[in-house]
Structure formats: C-alpha cells, structure tokens
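Peer 1: Sequence:
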Amino acid sequence: MAAAGAFCPLSGALLRRRIPLLHRRRLLAITATAPEAPAPAPTPSQPPPPLRSKGYFPKKNEILELTCEGLAFKGKGVCKVDGSTFVLLCDGALPGERLVARVRRLRRGAFAEAAKLKTLSPHHDAVEAPCPLAADCGGCKSQSLAYSAQIHHKYVQVRDLLVNFGKFDARSLERSDPGAILKSIVPCDEIFRYRNKMEFSFGTKRWMKREWKEEKEEVTKGEELETDGYWLGLHAPGFFDKVLHVETCLLHSEPADKVLAVVQESWTDPALGLTPYDVYKHVGFLKHLMIRTGRNVSTGAPEVMVNFVTSCYKPELLMPLVDRITKIPEVASVVNNVNTSVGNTSVGEQEYTLYGKPTITEMLRGLTFQISANSFFQTNTKQADVLYKLIEDSAGLKGDGSEIVLDLFCGTGTIGLTLARRAKHVYGYEVVPEAIVDAQKNAKLNGISNATFVQGDLNKINETFGKEFPKPDIIISDPNRPGMHMKLIKWLLEVKAPRIVYVSCNPATCARDLDYLCHGVEEKGLSGCYELKHVIPVDMFPHTPHIECVCLLELC
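Under the UniProt record's numbering, the letters of the sequence shown match residues 1 to 556, in that order.
Bear in mind the hints are in silico, worked out from the structure with no lab data behind them.
Hints may contain errors.
Unchecked claim - Derived BS3-like pairs (lysine-lysine); straight-line CA-CA distance at most 25 Å:
(1) Lys118 <-> Lys74
(2) Lys281 <-> Lys205
(3) Lys167 <-> Lys118
(4) Lys467 <-> Lys490
(5) Lys471 <-> Lys382
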C-alpha cells in the first residue's frame, strides 16, 4: 500500500494556492493518488521516449506515450509523460499501464484530459475482462483490473481525499491500532449479477468500437462506425444519440438477462411494427427498456418488473412482446411509462400496468419495501444490507426508544425506517415528493408509526428549519453527489446534535463536508465542533469507480 503521507499532485496544489471554494469544488473530481510503483523500464526492442522537462506543457491533439501512475476519482487514470510532472487524466488507463493517448482538452494549465489510443504494456494486476464490451460501454470499466486491486485503489482515493481536502492527519487516519479513523474498505461478496435495476435505450444509431492503426510510427484514429437501424443497448459514454448494442449484461440478475434476450430476439420482427425513437427527428415509439429485480416476500424467489418507456400510449403494439416476455416465470409485472416529451428521461407522465401487479417487493434489514417503476431503491440490495448495518452500528442507538433521529435526504425512507425500531421517533426530509409518498407507504406496510416524512429542499432551508421537530440526538445525512449545501452545514454546526452519521456516495464532497464540520469554514466565520471518529469505505459497485463511505462524527 502507498505511504500514508503520499502527495496528491493536484489537490495539494489547490489547497496551497487557497483557490476559492467555488473553483475548488469544480476541481474536486480530479484529485489523484500518488504513484504506487515505478513505471516499467522500456524493453530493448522499444527505444525510450524522449525526455521532457518538468515544465513540459502538452498541446491539444498531441499524441503522447504515457505511464499511468494511479487512479483519480471517477476512475480516470492519472498519467504522465516520462520525465515530466504534468498530469493528464485518461479514461480507461489503469495503474502501471504504458499507453499511447491523444490530448483532448487542456484545463487552464492545471492538467489535461487525454483519450487512450492503445496499450503499449499492460497494467499491474491485469485480468481478462469477462464482458467483451467492458472497455466500451463505460458501465464497468475496471473489469480488466483484479478485484483486490480495485478496492485497494478505492481505499487509497478515500484516504488521499481525506488528507488533502479534509485536512485530516494521515497518521491518525491509518494508525496500526484499532483506533485508526479510516477503516478497511468493505468489499462486495458478489462482484457480478449484483444490480437490481438496469436501463437500456432503443435507438436508430449504433455505436461501434473505435479502431486504431499505426502508420509510419504515428497513431491515427480510425473511422467511428455508425450504423442506422434498430438497436437496443446502453448509451456509449459521451453520446446521447448512439447506442452500444448489448445482448447480455453481467451486472444485472439472470432473470433480467432472460428478459433482455427475449426483447432483443423479438422487437425487430417487422410483423410487430415496433420502431425505436429517433432523438433527432423525434419520431418512433420505443424509448427505453427498464428491468428491475426484487424478491417475493413469501417465497424469497426473484420477481422481475419490465418497464417499457414509449413516446405515446399504444398498448396494442406492446402486447405481442408482453406475451413473449411473460413466459419467463420470474416476470411478475410489465408496465408502460408514456413520455411524450422530446427529452431522454425514462420517467413517464403516465404509467399503465400491462401485466401482473404495478409493484414488486424487496426485503432489506428485515423490512419489506414496495418498488414501483420509478421508485428510488438501493441498486445493490445485498450490499445495501451491509451498508445499512454499518449505519445502524455507527448511529449507536441505545434501543430504549428514547432518542430522536433526523434522517436528511431520506429518499424512500429506507435508512430511517430501519432505525425506527430502536428510536423514539424518526423525522425524514426529502425534496422529491414521490419519494416521500413511497416512504409513507413503506412505513405503513411495515407497521411503523413513529416515523414522519416531510417534503422539503434541504438546499433552501431558512431560520424556521428545525422548529417543527425536537432537537435530534442522532442525525443521518445521506446527500447526493454534490454533498451538503453551506446553509445545511451552518445549521448542523448550530444545532449541535451529539452524533452525525454521514453517508456519502462521493468521497470528494464528503471530505470537504467533514472538513467543514470538524475544522470550520474560516471565510464564513463558522467554527467546527465535531470530531471524526471513523470512516468506513464500502464497495457497492464492483468494476466501477463509485465508492460509498459511512462516517461517524461526535460532538466535541
């Protein structure tokens, strides 16, 4: 493992220069790990690349030989030209890999972005990716990196962000005794077939893999093949209009894969009269195919919901396809969301049930949840059970029913409801009205009467916030990727709840918010009043750059 005090070439510079908060937030995602191993020496048959000065600055479209030294947040490789300290972020590059890349964007002199053209020598911990589309679809770009290495790099990213943006002491984070603040990352037992929801798109343009060739020692880009027709799959990264044809996916359940196979085999049959939606001409019928997997509460067997998102309501066009899908025994629900707008959203203005029931069920921490087509629910159910157990342990409820829990960004109430059994009362806040309705339904479904869910925007709170409930003993905060607004940070520092459990899906904004709560915000005149007790990284989504963290703060 890299040294605890390793320097992040980008984040450290940002802090030293005292870049304003707004600009610093824009650059949070580029924070990178330090080198963990020296670059491999050139082979005798391959002459070494020319040395560059430390002040070297690349030009746009320049083609370079790079060495990947680590991973930045979001999974981009941190690459450098031999002999230079200038950082280029390259999607698809992995630690230890030597590659050829083209400079795509220059970012105000701080760093550049590059597009990988080809591999010269493989990266450390290389394995063969089981999915032939892994390098192209962007959904699980780290499949060719051994899983043990994946979680190691995720741990390193969290550590370096806490040091460089959170301003926490590296020695306290990684002490050898049990008192270390940063705990070992919790791996995922199932690294395939773990997603309970996948969304595929219909389209008229198929995206094909880019091909590269060498001519006179220069690397040139081959033509990107774009084929008009009927295609179903995932959007190619960076393209809203092109679909990467997918016939099977190793991330969702096997019953869901059966549904995808039946749809792929059937929907292009001319006799059915089905057409994909054209995002340019705004014509066509089929927009998206969403497949969700839950569990039957009585039997524990999987049950699948299939959601067709269409541009208009014409059930007679879908019924032949529905008849074929429902021959799969796990299919319990087929619905049709109608979205007449020209946008690319999968949420419909109207929803119709074409087969079975309008919802499926799932169980989490001993509770039952009803899941509709557009409900938010943790995408990895089994690892969510692990995550929620860590949250429950971190909350440290006495269990005597005497404590008030405030659940911020509560979504459909899953976290708050799992804590309600040991609390006096749970108050949940969420901006999405539909999520609040689902939370109230889930409370009723599980016979929980000591939970209140309120719709409200936590980014727009005012001086009246907090007057409608007692002072909380424990606050759970589970914000989305941008983290918490400064208004909410200020309120938390004023209310001084004894414990805060911060659940984060973005370690960069998590480190920033932990810094504010523990060390204050000097330019806002706010003093920190919390001590960081532990941070537990959790791998919820293997083969992706996403990292979840459970953090416990206690009032000083």
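Peer 1: Run the distance test for Lys167 versus Lys118: straight-line Cα separation, threshold 25 Å.
Peer 2: Between Lys167 and Lys118 the Cα gap is close to 38 Å, so the pair fails against 25 Å, i.e. violated.
Peer 1: Could you grab the alpha-carbon distance between Lys467 and Lys490 and see if it respects the 25 Å cut-off?
Peer 2: holds, 16 Å
Peer 1: Tell me if the straight-line CA distance from Lys118 to Lys74 falls inside 25 Å.
Peer 2: OK: Lys118 and Lys74 at ~21 Å, within 25 Å.
Peer 1: Decide if the proposed pair is consistent with the structure: Lys471 and Lys382, CA atoms, cutoff 25 Å inclusive.
Peer 2: Answer violated: Lys471 to Lys382 is near 33 Å, above 25 Å.
Peer 1: Do the alpha carbons of Lys281 and Lys205 lie within 25 Å of each other, as the hint requires?
Peer 2: Given that 25 Å is the threshold and the Cα spacing comes to 12 Å, the pair holds.
Violated hints, listed in ascending order, are 3, 5; each of the other numbered hints is respected by the structure.
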